[in-house]
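Enquirer: Starting from the structure of chain A, add chain B where the hints point.
What follows is each chain in one-letter form.
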Amino acid sequence: MTSTLTAPLTSRTSSTRLDFEALYRSARDDVYAYVATLLRDRSAAEDVTAAAFERAYRKQRLFKAARGSERAWLFGIARNAALDELRRRKRAAALTAEPADIDAALPEDSAEAALRRAAVRAALATLEPRERELIALKFHAGLSNAEIATVVGVSVSNAGTQLHRAMTKLREAVEHA
Amino acid sequence: MPDLSPDVERELEALDDALAGRRVAPDLTELGELALLLREDRPQPTDGYGRYLDTRVERGFPGKDPRTRASGRRWFTWQGWMAPALGVAATGLLVAVIAIAGPSGGDESGGGGAMSAGATETGAAAAADSARSRSGEDAAGGGASSLAAPESVPPAPSPGSPGTDGRERRKIERSASLTLAARPRNIDAVSAQVQDVTRQQGGFVVSSTVSSSTDGGGGTFELRIPTRNLDAAMAALSRLGAVRERSQRSQDITAQSVSARSRLKDAKTERQSLLKQLADAVTVQETESIRARLRLVSAEIERARAEVRRVNNRAAFSTVVVTLVADRSAGASGAEDDGSWTPGDAAHDALRVLEVIAGIALITAAIAIPLALLGLVGALTLRFTRRRRREHALDAV
Chain A
1 MTSTLTAPLT
11 SRTSSTRLDF
21 EALYRSARDD
31 VYAYVATLLR
41 DRSAAEDVTA
51 AAFERAYRKQ
61 RLFKAARGSE
71 RAWLFGIARN
81 AALDELRRRK
91 RAAALTAEPA
101 DIDAALPEDS
111 AEAALRRAAV
121 RAALATLEPR
131 ERELIALKFH
141 AGLSNAEIAT
151 VVGVSVSNAG
161 TQLHRAMTKL
171 REAVEHA
Chain B
1 MPDLSPDVER
11 ELEALDDALA
21 GRRVAPDLTE
31 LGELALLLRE
41 DRPQPTDGYG
51 RYLDTRVERG
61 FPGKDPRTRA
71 SGRRWFTWQG
81 WMAPALGVAA
91 TGLLVAVIAI
101 AGPSGGDESG
111 GGGAMSAGAT
121 ETGAAAAADS
131 ARSRSGEDAA
141 GGGASSLAAP
151 ESVPPAPSPG
161 SPGTDGRERR
171 KIERSASLTL
181 AARPRNIDAV
191 SAQVQDVTRQ
201 QGGFVVSSTV
211 SSSTDGGGGT
221 FELRIPTRNL
231 DAAMAALSRL
241 GAVRERSQRS
251 QDITAQSVSA
261 RSRLKDAKTE
271 RQSLLKQLAD
281 AVTVQETESI
291 RARLRLVSAE
301 IERARAEVRR
311 VNNRAAFSTV
321 VVTLVADRSA
331 GASGAEDDGS
341 WTPGDAAHDA
351 LRVLEVIAGI
361 ALITAAIAIP
371 LALLGLVGAL
381 TLRFTRRRRR
391 EHALDAV
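So the protein sequences, as listed, match chains A and B.
Here this note's numbering is used: position 87 in the first sequence is 87, and no number is missing along the way.
Here this note's numbering is used: position 306 in the second sequence is 306, and no number is missing along the way.
Chain B on its own, in the form it takes in the complex:
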């Protein structure tokens, strides 16, 4: 007791000496006697109470003590093991939530053909329109008008409207876009597979751009696939890599088809009429005039036929834009996997698993640590408040 004055320290030692039965300095005899008197006069429990308490202790305090009205027994008693158990439970719950909600980012490696959640109809429509405008409409038709610039498309009549010519004869134009991820070393193989699938489905490649390197690469393919095989083709293409985005779009072009056929029919009718007039013509001037008119109508017929072919081709073939991107983390797909699982694949998979675990642990820590700090502050505040109230109870006696 270095902070005590010598006199205080001496008197405290005298108290201890008296209680221990040691000799006390003569000038502190009275203090020693007071200490002994205090000790002898302490309250004593009754024998009955002593036996009762001994029995309670012997039995390990079973049930509720009917006498402990002052025990302040609470419905919940905090146990030491509850803190780590609560922490483990909270962490497990957190990991479960993250594991369930986490993988919805569109990274569906494995080439299962699942559609990306991030695919948007607007983006798909834009991609299909862009592809159509670049490709020309009659690539399959081979006609003279195959390089015709895309025209503005009038809005299609609503289904069942008077402008349509029956559901069974409706013309539907379909387009699709697909973004696939493949490992850099597999870019060439997947590119070849894209062309194989296109050929197998009766389609053709309008344009393609492929680049490959050890660090990256990629490619873009614009395909024309028979509309009746579009679904099968999309399924087959999706199996070639990890699908990152997939979208499809359809548009009713029945009105354009009807309009083109009507123009062709009108032109043919006019040509028949002109031919009759030519047969009946008498003067040279009259004949020349009719022949000039016939040339114009013949050109009109050719244009109308081309338009009919173009519209029919838009309905018969669908434009598919395949974008191939290089990604080291992309899993082996059915097309690019040669069936062997190499040690490199194993190491890559193991690294990926560790990355995921580390990510989950990081997120868990980011959530759990602030919660734990809040809990700690709350517990300390509660403890401090309870202590203050207890001390206040002592002051208020």
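Chain A extracted, bound-state conformation:
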């Protein structure tokens, strides 16, 4: 996807400490991917992603570099927005997951690659939400282990341990798929 941002945003944000434009450009698709994996709902993921960027835009003056990277700060906001959505769904008792959208195969896939991809998706679906979230933060959002630790509120070593455990379960699930 090609960004379509124009000059006004640059002039608006040039005076802030946080370069919101750059952060948005670099993280838009990553945030969407993370939220979509967490929620497993494309429509909800779009809404939550928009809400997360809006919150970040309005709170950009509260960003403190000493507390972590810009991406970790942004994904923390996205995580809260996604969890709020999960809570709202729980209250509404109407979970409307759209696994078909998420599971759509890429057109250029070969048969073997498509099978492999389907196996991974199926294995991913068997993971616990927290494990799936770590996978999404690592491989879909591209965060470092330190940034993951900041987002989920654990130590770096704990984040690494949890990620390794999730990957082990995923590998086992893929092998048995």
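Just so you know, the hints here were simulated from the structure itself, not pulled from any lab data.
Bear in mind that the values here come from a model prediction, so they are computed numbers and not experimental data.
Check each hint, because a few of them may be wrong.
[Unchecked claim] If you want the footprint, here are the derived chain B segments under chain A, 3+ residues with CB under 8 Å:
| # | stretch |
| --- | --- |
| 1 | 6-13 |
| 2 | 27-38 |
| 3 | 44-51 |
For every residue, glycine included, the Cβ atom is placed at its ideal position computed from N, Cα and C.
Expert: Below, chain B alone, put in the same frame as chain A:
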């Protein structure tokens, strides 16, 4: 990652190497391929959604986003600047409340003559009674009975009762007490002013006690002021220092006046009768008996006259007890101020202002700090609860 086992650390590094395009150890090739597959298979937003979001960002998120049904938008959003603003507003409100309610302690320096809020009628009555009992009732009359001990006062009849002899002839006894504060070095000057005012108002000093020193001093004055000048005298005395307490009392003594005049009239009537009997007396024994009776009646007349004078004097003159106390913080009054504002006065005033500011700040802190701590605990509790609920939502998927 010092807490991780070597194998775990090695596999995590292999994941990072694979994602970064670096070579992965042969035994971890499968893990690297899985990492790449996961990254390639991540959900992608549609172009339409991307353009929509770009436009929202470009415009600075104007208005409400019709699509953000999941945004959890609240009617109120806490902004970073609100905390200090709220603190400043609360402190300002607190200071205003203290400033409005604070100075009502009776410390009305400046000698403006305002009546102290702490003055009580009971205390004033006690002071006036005490002053009257000490002074004697006929100090102004100069009669032989001026040293007579105070008698018990019968209760006055209520206004308009049959016992009174008309409103225009009512006898009202008034008394007052006044406590003034002055700086130690001004005690003597104020004492002299008290006597001057008394003399100017047609009164006199019954008794006075004055002591002065560099560190303190004070005095007590018992004055008799013509009742018609009492209000003017009180106003003039109030201007001599900072009024700390002021009270006035009045009592209807019409019944006592009527009683005294009646006794005098009866005695005079009896004397006239005795004089007639004396003129008609024939025997020596009869004459001596009447003369003895006349001596008793004459004494009774003198006592009745003295009583009438005493009652009239109580109504005509009011007892004013002025208590003068030394106070370094007392402001310069009209009487004690010589018109100059010295550097010492300025320093004293500045110190006083600082004391008041420090006091207000202390009270504000005493109230604001516990409130702030409560607010902090509440905010932390709210934050912890919200975090727990969010985490619980993730567990419940």
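Enquirer: Taking the hints in turn, state whether each one holds.
Expert: For each hint, the structure was consulted:
With a threshold of 8 Å between beta carbons, the proposed coverage of the stretch 6-13 of chain B by chain A holds, since 4 of its residues qualify and at least three are required. With 6 residues having a beta carbon nearer than 8 Å to a beta carbon of chain A, the stretch 27-38 of chain B meets the requirement of three or more and the stated coverage holds. Under the rule that three or more residues need a Cβ within less than 8 Å of chain A, the assignment of the stretch 44-51 of chain B holds, with 6 such residues.
In summary, this structure violates none of the numbered hints.
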